[in-house]
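Sequence order for the protein chains is Y and C. Heads up, the final residue of the first sequence is numbered 322 in our numbering, and it's a clean run with no missing numbers. Heads up, the final residue of the second sequence is numbered 707 in our numbering, and it's a clean run with no missing numbers.
No lab work stands behind these hints: they were computed from the structure. All clues given are correct.
Going by beta-carbon spacing under 10 Å, a handful of chain Y positions derived as facing chain C: (1) 83; (2) 85; (3) 114.
Derived DEER-like restraints, expressed as beta-carbon distance ranges: (4) C:353 x Y:128: 37 to 43 Å; (5) C:350 x Y:128: 37 to 43 Å; (6) C:530 x Y:151: 26 to 32 Å.
The beta carbon of each residue, even a glycine, is placed where N, CA and C say it ideally should be.
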Amino acid sequence: MLLSVRDLRSAFFLDEGELWAVDGISFDVEAGETVGLVGESGCGKTIVALSILDLIPHPGRVVSGRVLFEGRDLLRLPPEEMRRVRGAGIGIIFQEAAAALNPVYRIGNQIADVIRLHRGLARRDAWSEAVKVLAAMGIPEPEKRARSYPFELSGGMKQRAMIAIAMAGRPKLLIADEPTTALDLTVQAEISDLLRQIQDEYRMAILIISHDLELVADMADRTMVMYTGRLVETADTKELVGEPMHPYTQGLIGAIPVLGAGSETPLEGIPGAVPDLLDLPSGCTFHPRCRLADDECKLEPPPLDDAAHRHQCACYKVRVQT
Amino acid sequence: MRRENAEPRRSPHRLRALIPGLGHLALGHTGRGVRLMLFSVATIFLVVWRWDRFIGAFSTPFLDRWLASIFLILMLAGVIWYSLRDVGRIQQSAGEERRGKSPWAVAMRRFRENRLAVYSIYIIILFYALAILAPILTPYDPAAIPDVMANRYLPPSGDHLFGTDEFGRDLFSRALYGARVSLSIGLLAMIIAKTIGTLYGSVAAYFGGTVDNVLMRIVDVWIAFPTFYLMLMLVGVFEANIVVLVLILGLTAWPGTARFIRGEILSLKNQAFTESARAIGLPAHLIIVRHLIPSALSPVLVTAALAVAGMIGAEAGLSYLGLGIRPPTPSWGNMVAAGKDNLLNAWWVAFFPGGLLTLTLISFSLLADGLRDALDPKALMQKYV
Numbered sequence: 001m002l003l004s005v006r007d008l009r010s011a012f013f014l015d016e017g018e019l020w021a022v023d024g025i026s027f028d029v030e031a032g033e034t035v036g037l038v039g040e041s042g043c044g045k046t047i048v049a050l051s052i053l054d055l056i057p058h059p060g061r062v063v064s065g066r067v068l069f070e071g072r073d074l075l076r077l078p079p080e081e082m083r084r085v086r087g088a089g090i091g092i093i094f095q096e097a098a099a100a101l102n103p104v105y106r107i108g109n110q111i112a113d114v115i116r117l118h119r120g121l122a123r124r125d126a127w128s129e130a131v132k133v134l135a136a137m138g139i140p141e142p143e144k145r146a147r148s149y150p151f152e153l154s155g156g157m158k159q160r161a162m163i164a165i166a167m168a169g170r171p172k173l174l175i176a177d178e179p180t181t182a183l184d185l186t187v188q189a190e191i192s193d194l195l196r197q198i199q200d201e202y203r204m205a206i207l208i209i210s211h212d213l214e215l216v217a218d219m220a221d222r223t224m225v226m227y228t229g230r231l232v233e234t235a236d237t238k239e240l241v242g243e244p245m246h247p248y249t250q251g252l253i254g255a256i257p258v259l260g261a262g263s264e265t266p267l268e269g270i271p272g273a274v275p276d277l278l279d280l281p282s283g284c285t286f287h288p289r290c291r292l293a294d295d296e297c298k299l300e301p302p303p304l305d306d307a308a309h310r311h312q313c314a315c316y317k318v319r320v321q322t
Numbered sequence: 323m324r325r326e327n328a329e330p331r332r333s334p335h336r337l338r339a340l341i342p343g344l345g346h347l348a349l350g351h352t353g354r355g356v357r358l359m360l361f362s363v364a365t366i367f368l369v370v371w372r373w374d375r376f377i378g379a380f381s382t383p384f385l386d387r388w389l390a391s392i393f394l395i396l397m398l399a400g401v402i403w404y405s406l407r408d409v410g411r412i413q414q415s416a417g418e419e420r421r422g423k424s425p426w427a428v429a430m431r432r433f434r435e436n437r438l439a440v441y442s443i444y445i446i447i448l449f450y451a452l453a454i455l456a457p458i459l460t461p462y463d464p465a466a467i468p469d470v471m472a473n474r475y476l477p478p479s480g481d482h483l484f485g486t487d488e489f490g491r492d493l494f495s496r497a498l499y500g501a502r503v504s505l506s507i508g509l510l511a512m513i514i515a516k517t518i519g520t521l522y523g524s525v526a527a528y529f530g531g532t533v534d535n536v537l538m539r540i541v542d543v544w545i546a547f548p549t550f551y552l553m554l555m556l557v558g559v560f561e562a563n564i565v566v567l568v569l570i571l572g573l574t575a576w577p578g579t580a581r582f583i584r585g586e587i588l589s590l591k592n593q594a595f596t597e598s599a600r601a602i603g604l605p606a607h608l609i610i611v612r613h614l615i616p617s618a619l620s621p622v623l624v625t626a627a628l629a630v631a632g633m634i635g636a637e638a639g640l641s642y643l644g645l646g647i648r649p650p651t652p653s654w655g656n657m658v659a660a661g662k663d664n665l666l667n668a669w670w671v672a673f674f675p676g677g678l679l680t681l682t683l684i685s686f687s688l689l690a691d692g693l694r695d696a697l698d699p700k701a702l703m704q705k706y707v
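Model the full structure from these sequences, guided by the hints.
Quick look at the structure:
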């Protein structure tokens, strides 16, 4: 097992109270596998990614749990070794490439930094290696682009440069946090193609995080659905999309527009909105929006139980049905 | 950034550029050509005119005389190197406009558009050059006292450009040597204050929490002392010479910078590029030095220019009060003090050092203005977003 997250809990300690962005999550990522993490905005997806790398900004922090990467618990690693994991073991690409690139340095230097840091190459060699990485990310004229500043690149190019930075340390796991959200549709397709292609080439695992179920379904072998800091359903992607069990997952899938479906099949949404993480409903946090909910759901949060082969679901009603 | 497609490596223009300015003139860049030529002619003239001192410096043990002569050589080498390179650049980019695009290059272009600021840079460079070249330029020994009765209080003339003082010493020579004291104290004290302040403030901001609290409370205490009286006390305790003054001025001025930088870094450290620097495993000291400080640096540069003016003013103030540099070592401050009693009879004694001082302070202020406009992050962002 490459990455094994156990009962991870992360919170922000605000003046208004404690905000549990990640509330007891466990999952595994095997080497070379692509795992998707789906959920609406504000459900804590990004905090899962930041928790793995122990990068949660103040006033938040990982409160408990274990993040085993190649058998070592990252949350208890000395800072020196944690730095080696960041970049060389686990690479991450952020949603806003434009903001994540430093505006005052050339693209090539930002990539070469990673190479010098984690592969110990000299400045000159690191630069030519950076150009190679850019080329591998499908950037045309990589020598010229390496000398460019971020503001000279288009959105798609910036995202590719960001991926190049993440891949420059040859990580075994790439965390892609909303890798295509800020891009327009054609570029989105290019970026997801690129991710697939570099995965073939470098054989790393990918944890892809997005609100976009279609993107995740397109890329991931397995998919996890997250709601208010917890996982509500995990399954092989095909099964999750084909036979979703949790009412929330069913709602998400029902909300995807199908081209050519016609007006006789109305698009179904999920009623209500994601609750405030500071003021969560009791029991199953989804119950106010759930069509199956009854009084039982308001008492205790349902555990994530095996519902079928390699298929887990956190819902009292679903378990009763099976 | 160098282009590979420079086919006409050895063109006539390039050879002609060996004489500074000629290449530019041939290419039609008249203004720059004339300026380069004047500069090199003046340098060569200086070498020939003061040949004995220029060459004689190398047989003396005095570091400052060595420096002055080496500086002259560097000036000559520099102007040749620059004009060669510049001619090459002009030729390579014949037709197309060469515009640097890094944020610094953008700022440089904006700075050049501000004439006052550019002139102040020229004046500042000129004064520093005069100060370094003082051993070669000065007609008289600044401390030598000739026949006092025959030479005291001579008005400005061809022999004595700035006149003489009560001991018959040449004020022009003294003013140039005074420039060395005043200008070097200002620059060095600024560098000390800004370096300490920047590092201190960014460490406090980056690590935050208790570290920040402790460090900033120290700054609060430090700032609570009235600086000038602190300086008065310190120069009372330690005997004032250049080193002591630099240390006192530098070490009393850093807390302001620290506090200022801390604010800048606090807002920068939560930006996505800092987060991604941490995500690639960059160690904290490199994040601070490579990512945070450069982004916070432009306002520091502005305050640095003002700080030099402040430091020079403070040194002049202390020396004026007789607490800084003591005569016979000249500094602009103690020269003004020496002339203050004879303003009506011998106005030149106080006027020239005072005027140089004023011109220097104004130049640094205008430079700061120019830097502020050129480095304005909002204006910069417009160009590259």
